[in-house]
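A.B. asks: Sequence:
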Amino acid sequence: MKRLVMYLSVVAMVFFVGATIAWAEQIAEPKVEATGAVLVESGSGRVLWSKNKDEQMSMASTTKIMTAIITLEKASSLDEIVTVSKRAASAPKVKMFLDAGEEIRLDVLLYALMLQSSNDAAVAIAEHIGGTLEDFCAAMTTKAHELGAINTSFKTPSGLDAEGHYSTPHDMAIIAAYALQNPKFVEIINTSNYNAVSNKRTYSIVNKNRLLNEFGGAYGVKTGFTNKAGHCFVGVAQKDGMHLISVVLASGWGDKGREQKWIDTKQLLNYGFENFEIQQIVNQGDAAGILQITRTRTPQIELFYNDELEMAVRKDGEDISVIPFFPEALPAPIEANIQIGEGRIYIQGEYFSSIPIYTAGSAERHDLKTSLEKVARAFLRLGTEQEIKVVLPEF
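In our numbering, the protein residues as written are 2 to 396.
Hints listed in this document are in silico derivations from the structure and should not be mistaken for laboratory results. Model, not experiment: these values are computed from the prediction.
Straight-line Cα separation of at most 25 Å, PhoX-like style, residue types lysine-lysine; simulated pairs:
(1) K156 x K75
(2) K267 x K257
(3) K52 x K32
With the hints as extra help, turn the sequences into a complete structure.
C.D. replies: Quick look at the structure:
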């Protein structure tokens with residue numbers, strides 16, 4: 002009996018240790034060498050893991066994500082012909098080796114920009130779309146700030162080092178999430194090879210993004226390197242309906258850094274897919290509460306959430322709450338389908354985001370004043386709609 006108890010105790014201990022190790026492996030932090038990094042679930046924008054996510058850093062050719070999306074939004078047509086300037090032709094490597102005066106379609110430049118990070122293509126695009134390189138970069142910065150990437154400043158369309166040219170890991174994730182909503186952008190960055198011609202030569206453009214072939218579900222986005230920035234990469238992959246964006250800035254220099262950016266990226270993406278899953282938190286139309294109405298014959302109006310939220314949630318559980326905020330009571334009149342409050346989402350007690358709360362019905366005002374006004378309107382309407390007959394006495 003004593004041996005049996007000891008045996009069962011050992012078995013229980015082995016099971017406990019094994020379960021503990023498995024749990025520890027499930028929630029193990031990713032080992033990321035990059036100076037700055039972030040992992041974001043693109044749908045909700047939730048940050049799943051970060052390292053110096055708001056530190057302003059050089060971001061090298063990941064800059065070209067913004068260059069591409071500005072072009073896609075501002076160009077009248079991707080078939081437009083771009084005439085290459087001397088400034089564009091003289092851009093440093095990496096480049097297509099465009100010639101000054103060469104005429105080439107805008108879409109060809111976009112493929113060269115995103116697939117092989119051509120700096121001459123970046124300058125040619127900027128001058129064609131923005132008039133001047135400086136004006137184009139100003140538009141890039143403005144767009145970044147509109148998206149919420151307020152710690153970003155663009156001074157070059159290529160990402161080459163320049164004073165005042167910087168971003169943060171989180172800002173680059175915000176910019177990438179926005180760009181990935183554009184179908185043409187996604188089509189370009191998922192192209193393996195692209196062949197095209199200008200009025201001078203034929204170009205064969207090859208995608209340098211190794212993640213597309215080395216990580217299941219990967220579909221972007223952009224590599225980068227400068228002496229100041231080190232090796233950088235913005236990546237994205239999807240699995241089971243969850244889209245994760247990884248950003249690594251300054252993963253290192255030299256051959257080690259070149260390889261480390263891929264290692265860092267895979268570490269982040271694996272961490273996200275292994276430990277998180279998409280869950281529906283709020284459905285559009287879900288009941289949000291009851292609004293009390295005064296000065297009316299409709300004392301209550303039902304409220305509903307006028308948006309939905311699905312987000313990445315830890316597989317091992319998290320405390321996520323949705324707390325409705327709206328006035329306790331309001332006087333009539335109240336219209337239907339107007340925002341009356343918001344549902345605030347908290348994760349582990351920390352505010353994350355909000356969803357608007359709308360009225361499901363309406364309530365007319367009803368008090369002495371409005372009753373008298375209704376009587377007056379009815380009387381006036383009666384007087385105009387019916388003929389008034391006057392009977393005079395006979396003499």
